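J.: Residues per chain, in single letters:
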Amino acid sequence: MSAKIDKYDLTVIGGGPAGLAAAIKAWRLDIKNIILLNESEILGGILPQCIHTGFGLHYFKEDLTGPEFAAKMINKLNETSIRILCEAYAAHLNIKSNGLKEIVGYRNGEAFRLESKAVIYAVGCRERNRFEVGILGERPAGVYTAGEAQAFMDLYGVLPGKEIVIVGSGDVGLIMARRFALEGAKVKAVVEIMPYPGGLQRNIIQCLEDFDIPLYLNHSALEIKGLRRVESVKLVKVDNNLNPIKGTELELKCDAVVLAVGLKPRIELLAKAGAVVDETTGGPIVNDWLETSIPGVFAAGNVLVVNDLVDYAAEQGERAAESAAKLIHEGTFPKAEYKRIIRGRNVRLVVPQMVSGLQDIIFYGRVTRPEENVLIKFEEIGRAFKLRVVRPPEMFRLKISSQDFTKICDEKLTVNVIKV
Amino acid sequence: MKSTSGNTRTLELTCITCPIGCKLKVLLEGSRIISIEGNKCPKGIIYVQNEIDPKRILITVIKVVGGNLPVVSVKTSEPIPKNLRLDAMKILSKVVIKAPIKVGDIVVKNLLELGANVIATRDVVAV
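Those sequence lines, one after another, are chains A and B.
The numbering of the first sequence is my numbering, which starts it at 286 and goes up by one.
The numbering of the second sequence is my numbering, which starts it at 35 and goes up by one.
Hints in this document: simulated from the structure, not taken from any laboratory.
Hints should not be assumed to be uniformly reliable.
[What the hints assert, rightly or not] Within a straight-line C-alpha distance of at most 20 Å, the following computed EDC-like cross-link-like pairs (lysine to aspartate or glutamate) qualify:
{"hint": "1", "chain 1": "B", "residue 1": "Lys57", "chain 2": "A", "residue 2": "Glu494"}
{"hint": "2", "chain 1": "A", "residue 1": "Lys346", "chain 2": "B", "residue 2": "Glu112"}
{"hint": "3", "chain 1": "A", "residue 1": "Lys697", "chain 2": "A", "residue 2": "Glu665"}
{"hint": "4", "chain 1": "A", "residue 1": "Lys357", "chain 2": "A", "residue 2": "Glu347"}
{"hint": "5", "chain 1": "B", "residue 1": "Lys89", "chain 2": "A", "residue 2": "Asp348"}
{"hint": "6", "chain 1": "B", "residue 1": "Lys116", "chain 2": "A", "residue 2": "Glu468"}
These numbers come from a predicted model, not from an experiment.
This is chain B alone, in the form it adopts within the complex (with noise of 0.2 Å):
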């Protein structure tokens, strides 16, 4: 949903903030906004200013040994960016941890060097 001319680029968005999901027209100069279409109120604005460089909080499952179930549910304790998200996904789905885990504990520091940590989000007892 980009296209390019020169070094400005129009970018198209929904906006999610709030059920209406206003349709945006976004012009951009390399990551800077030059102007921002189809907002019905201040609120796009932000949201825009958040998917220049979009971030999702990760979540996915992690192989566990010794446990009452086979995965522990995890989130990542910050958004990291959206484009790295498989990245992330290929080192976790090598990871593989012993029972027992809490709610909390956190199972991978530090994912890809981006500051965010993977916690789990579910209790997995020892058998």
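This is chain A alone, in the form it adopts within the complex (with noise of 0.2 Å):
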């Protein structure tokens, strides 16, 4: 390793769509000393894989696949001179003494060092798997997350089954679903713990009853049976507690398990720099600037929050973008009495946590549980916004203006679900 140590401005790490999204901002924004990070050796994170349509109908205003969209957003960087360094690890966020933050990372197996006045950190989120979960049973081939099959599948055209349960019915599950039917797999089942499926209504009928696919709402996967390939998933109901019913245990035969239960920001970078994580969404708390508790050091896109839409990752990351700029250029933020964000009825997350109330201000979050006819009310500020229907697998996106905020010197804000 050189003695000399690479400066940047601002480092970007992640090169899914907040990554991208972010570095092209900055360069807009005139920060013309930028390095991308990325760990795959293609850039574009999970979009590459995600062949369906759906991506890009607010940023691109077009309805596109995932590998158009990357493709979109590749273009764009590629008008760039950002400095891009792929199959790079970043393993260690330090901040020095004067402020500076340095990267240690990892690169065909040898290490790298550099220094940047801000970080944006957009590497996005893992899936969960069968053991956190609790499910148990035999190690055999043939159990995958729906990422792993979806990869197997669309990036290198192998089929991980003939015979498929789907656990979870999040929507990446609901997908892959359709993709196996198409495909000429049978789907013999998409299991569900809760009472209500996962993921959109939209998909729900497009990638099950399409195909009459069956959902089994209320039940659990209790056991993967099979010594060296899968051979069978012993399932049971379970109650209103999610607790298994005795006796009411069924045992579908199967050659593979794809599980979708649920997906987590990749948080340990940052938390063992010290940011301070929130448990309510997995990810860093931030400001409206974006800003974790570590100064300049900013998040977006699935680590920040497990966003539905690429869109408002994309959103995130160019936000991310123009609050690390204004700390280049200014070298600081503007003096504000920070208000804490009070989780109240009906709300399960809200990012960003804390607010300035100095710039208007997108607030993402979900509900608990599903209700019709609410009103998503910002107690101290006295706004609110009627909608017809909320459900936990549906994010809500809102936007405040600054001039809301002029009323109130509370400490807090308070955001509440009410009946109407």
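Need the complex rebuilt from these two chains, each delivered in its own frame; the hints are there to steer you.
T.: Have a look at this one:
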């Protein structure tokens, strides 16, 4: 390793939609000394394997497939002189006494070290595995996360099984059910522990009902059987408290089990560096600059909060880039009394968690349970939004203008979902 | 989800235009809509009109030789009839194309004589 350390104004960690949007935006805001670190050999994060449509309706005003969305972003990136380092893994973030951020990582079996005035962290999320949801039994071949199965099929052309049981009814699981069915595999069941599906309504219709795939609500996967290869999976019905009901066990024969049981922000590097984590999002606590509790370190995309739409991840990337650019150009953010967001009735999570009141803010959030005809109310500023329906799988996105903040000097802002 | 009596039939649909997901009951004579019940807004009517003869964009992958990846992702340029998708898949499963491929390249012309082309959605680099 050379003694001279590479110095940058901005380091973007992650080359998915949030990281790409952040790097491009920062470049356009006249930050020219940028490095982008990307783990994989190709840019785009998870987009290249998400071959279905539904990407970019907000961001590009076009209905694109994942690889097309990625290609458009990469074309924009290629118009810049941003330094791109692929197959580069950022392992450590150290904040130096002069405020500079030191990143230590690995690439092609060698360590690298660089310094940067600001960091945008956008490494996305990971899929939960069978052990995190307590599916016991053997460890045969044929157990995959939905994302692994998707990469097998849609990047490498390999069908992961012929008779498949999908555990979890989030959108990735539903979309894979359709892909398996189209490719001639039999999807024997989609199993969901909750009384309602985890994915969007349109995916229930277009991915399951279109192909007559049964959805087992209120069911939990107990055990995977099979020594070398998956032979079956044992299910059980659960009660309202999600406890198994004795005597309701059933066994489905299959040769693959595909898990779509939730996503977790990949927070480890930030947490190790001392960032405060929000238990409800699994991501870092941020203010309306999308700055974590480590000054000058920003978060965007699915590492901040697991988003429904790629458009939101890209939007957060751009917001983080605007903030980083402001910080780099001006050296500091304007002084503010930050207000803490309090999650009230039927609010599971809200991002950002701290607000300055100095600028317009986009809030992203989720409810705990489905409800119809509600107001989402920001109590202390008396601002409310009427929504016909709220459902846990569908994020709400609400914009509040800085003018709405002039009235209050409270140190908190409470968000309630109210039945009307 | 269809039931028939005489030359009229009822069709039960869930509208997916918005997250409310209205449960719709449609009375049909042939492909003529006689009545729609359960829609909370006019978008439900448009949804039903499109679902009488439902069409979908078909998304899949096609085999590639000589590329950095063994398959390329593709989509149909237009929605095709929902019930012809498996026929289309059978044809596409036999297609093999040569790298390099660019996003937007037409891979198969006029699929099943339906007027829709099959278009690459990813670059595959020749190796």
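J.: State for each hint whether it applies.
T.: Okay, the hints, checked on the actual structure:
For the suggested pair Lys57 of chain B and Glu494 of chain A, the alpha carbons sit about 14 Å apart, so the restraint of at most 20 Å is met. Only pairs whose Cα atoms come within 20 Å are accepted, and Lys346 of chain A paired with Glu112 of chain B is accepted, the gap being roughly 18 Å. The suggested pairing of Lys697 of chain A with Glu665 of chain A holds, with an alpha-carbon distance near 8 Å, which does not exceed 20 Å. For a cut-off of 20 Å, the pair hint linking Lys357 of chain A to Glu347 of chain A stands: about 11 Å separates their Cα positions.
Taken as a hint, the Lys89 of chain B and Asp348 of chain A pair is honoured in the structure, with Cα atoms around 16 Å apart against an allowance of 20 Å. Of the pairs offered as hints, the one joining Lys116 of chain B and Glu468 of chain A holds, with about 15 Å between alpha carbons and a cut-off of 20 Å not exceeded.
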